[in-house]
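Going line by line, the protein sequences match chains V and Y.
Okay, so the first sequence: first residue is 1 according to our numbering, each after it adds one.
Okay, so the second sequence: first residue is 1 according to our numbering, each after it adds one.
The hints are simulated quantities; they were obtained by calculation from the structure and are not laboratory data.
Remember, it's a predicted structure, so these values are computed and weren't measured experimentally.
Worth double-checking, as some hints may not be accurate.
Computed from the model, here is a short list of chain Y residues facing chain V with C-beta under 7 Å [what the hints assert, rightly or not]:
#1 A23
#2 Y71
#3 P123
#4 S175
#5 Y179
#6 C217
#7 D234
#8 G235
Okay, the calculated beta carbon distance ranges per label pair [unchecked claim]:
#9 N40/Y / P187/V: 26 to 34 Å
#10 E207/Y / D338/V: 57 to 65 Å
#11 D118/V / E207/Y: 45 to 53 Å
We put the beta carbon where it would ideally sit given N, CA and C, even for glycine.
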Amino acid sequence: MKSIILKFLLVLCALTNSALAQEILNKSREQMYFSQYVAPDADQHLKDTGSNEQSRVFFRKVSGAELNRGAELVIDAEKAVIQISPLDRSENGRRLVNAEIPRGMTLSNGIERRRVDDDSIALHRKSQGLRENFPDLYGRAHVMRVPENMGRGKFTLQASGNAKADAEYIVYVLDKHSDIALEVQTPARRFARSGNLVLDARPRGNAAVSLESVSTTLIAPDGKRYAVAGQMTTNGYRVNWPIKVASPSVPGELWRVEVRSTLRNARKEPIERVAVIAADIFAKTAQVSQIGSSAQDLKLSVDVQQAGRYEARVLVFGRDTAGAYKPVLLAYQADWLDAGLREMQIPIDQARLAASGLRGPYQVRNIQFLDQGRMSVLEYLDGSWILQ
Amino acid sequence: MKTRAFTLIVMLLLSAPLPAMAATGVALVHGTGQQSNAYNDYWTSEMVESIRQGLPASSNLLVVNCNFEKYMWDDAAAGCLATQLYNFVTSMNIDDLVVITHSNGGNVMRWILSNPTWDNRYPTIIDSTRWVNVVAASSAGTPLADAVMAGNVFEASVGWLLGYQNDAVRMQQTSWMTYYNDNWLLGTSGRPSLPVGFWNIVGTDVETAVWDSDSYCGGYAENLGLEITQEWLDGCSDGFLNCSSQNAAGSLWFYDHNRTNGSEPLSHNQSRRKCFNLDVILRNDI
């Protein structure tokens, strides 16, 4: 029993370490300070405003076998755009490149069937300009638009039997002219590994549309997918999921929160929508524990769990002639901090403040605290720290 | 333009007085891609040499060559751009630098302007920069990148991602750019303003007609391709970027048709070429 517990703890430690032992991209040990004026009449702040995505898109992976049989796409409005892209695969650790789509594919609306490279459908075929201009985007993809006279509703995209059964493709549909969207809101775009992933989803647009099913997946930078549990609400869906992930973060690279749904439109047709939100899943490598201010600077007491390069940005406000507070200066300080209780001192350039035309007493109202080396924003702090 | 001049005056009043003999320079910053000869391959000599005519000292022009297939913060992207700009302003004693960016080059430049403590060369570059003229910037990303990246991430059990897109394409997905704009970059709505002016030139449309000679500026096939990609985009776009993305950070300088010859729109391809007097507009702003 003891050895089982020991093994369990070792595995847990390994998982925790793999998550926390994140690469440090910026290892500079140089202390740096900078300050700049900001436009006083523009509303501005340092805070995480969350996200609100409305998607009229759906996409899914299809196999060559499925394409040979015919992949069904239910499209709510006319003139949707469809893109099909071949995917590479791995086999025994080797990359198998798949750069071609099957030749001779057709698109059918149940009444008529047209070849996808018909001039009325194929956007791609009309020009090599796409490939020449944007090889990164269109080196492989085939883009088509459903012609207006093929209408809307259920379509079948089908290969003529020549797709390799185990080949894989992504079919991506922009239902551009539909008024049905999936709306996904999150209170933040950054989630601590020790915290919860929170989001709300609901159908938007046509009042008759209903949410039939929905699922959420968190996708790590390394491609690992985590099923996220959520609950249906009245024609909506809510997630409040304790984050338990082993995948490491990569500095600057974002995680994807993919919300897949099936909605029913007024005709009771199943309409797919997929919304994707980019988010940072970060480790709390340091935390601001106390803030003090004087006329010359702002002092942050920082509890550093992991040594690294940290940065604080503070937004300073001053009073105009009418006494209203307006943003005036953004001051930065970055430094290497070892683990333990540390202090960051952000100098505030009094001469620049005085020259700004705005009067004191000046206040710091927003603080952004970042792990610059691991590229994570750790905290946003709101308050009123008077510089006197 | 009035607003622009007024802002300049305010900034000058706020800043330390310029030295009596300011040395003016221009740097051209390309978009996504790995460039080794952006002079010919990205901008073309006609465009560069026309802009050069606006300089008091014609040698004070830099055409940047970096790897903007990487993330904007990467050493091969912002690091390379910082090296070339820093060496340029220090070796030529430039203290009045006008930077002209195209497309994703605006994001890499904005990374430098927004993260002055990242690299000890950044403050020198910022302090030397008069303003940035930002042509067709992908400040809020593009739905085209969303479409091409969708589903293109797989289990990395073999240690590499199977996705074939580069980091810059991944970064220019709309939701990714929203994150960077909200957390790492300055200049978008609600965020603190940038330390220097960031003036957007916005391409609003793509026009192609075989009988119209204007459609051939920058290459007919390329423009036709961009007209097709407009299917993914809003009613106002340059074929690669929505107008809203081009004007998401900084301030509007002008919409193409308000200043170009014949009120011609600038496609995403034309806005880096000598088309419809764009070169002269940029030259006259030095």
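Taking the hints in turn, this is what the structure says about them:
1. A23: At about 22 Å, which exceeds the 7 Å cut-off, the nearest Cβ of chain V leaves the hint on A23/Y violated.
2. Y71: With a minimum Cβ separation of about 6 Å from chain V (threshold 7 Å), the hint on Y71/Y holds.
3. P123: Holds. Min distance 5 Å.
4. S175: Status holds, d = 4 Å.
5. Y179: Result: holds, 5 Å to nearest chain V Cβ.
6. C217: Not OK, violated: C217/Y not within 7 Å of chain V, min 14 Å.
7. D234: violated, 10 Å
8. G235: Given a least distance of 11 Å, the restraint on G235/Y is violated.
9. N40/Y / P187/V: 26 to 34 Å: Taking Cβ atoms as reference, N40/Y and P187/V lie about 49 Å apart, which means the hint is violated.
10. E207/Y / D338/V: 57 to 65 Å: holds, 60 Å
11. D118/V / E207/Y: 45 to 53 Å: Distance hint for D118/V, E207/Y is violated at roughly 25 Å.
Of the numbered hints stated above, those contradicted by the structure are hints 1, 6, 7, 8, 9 and 11, listed in ascending order.
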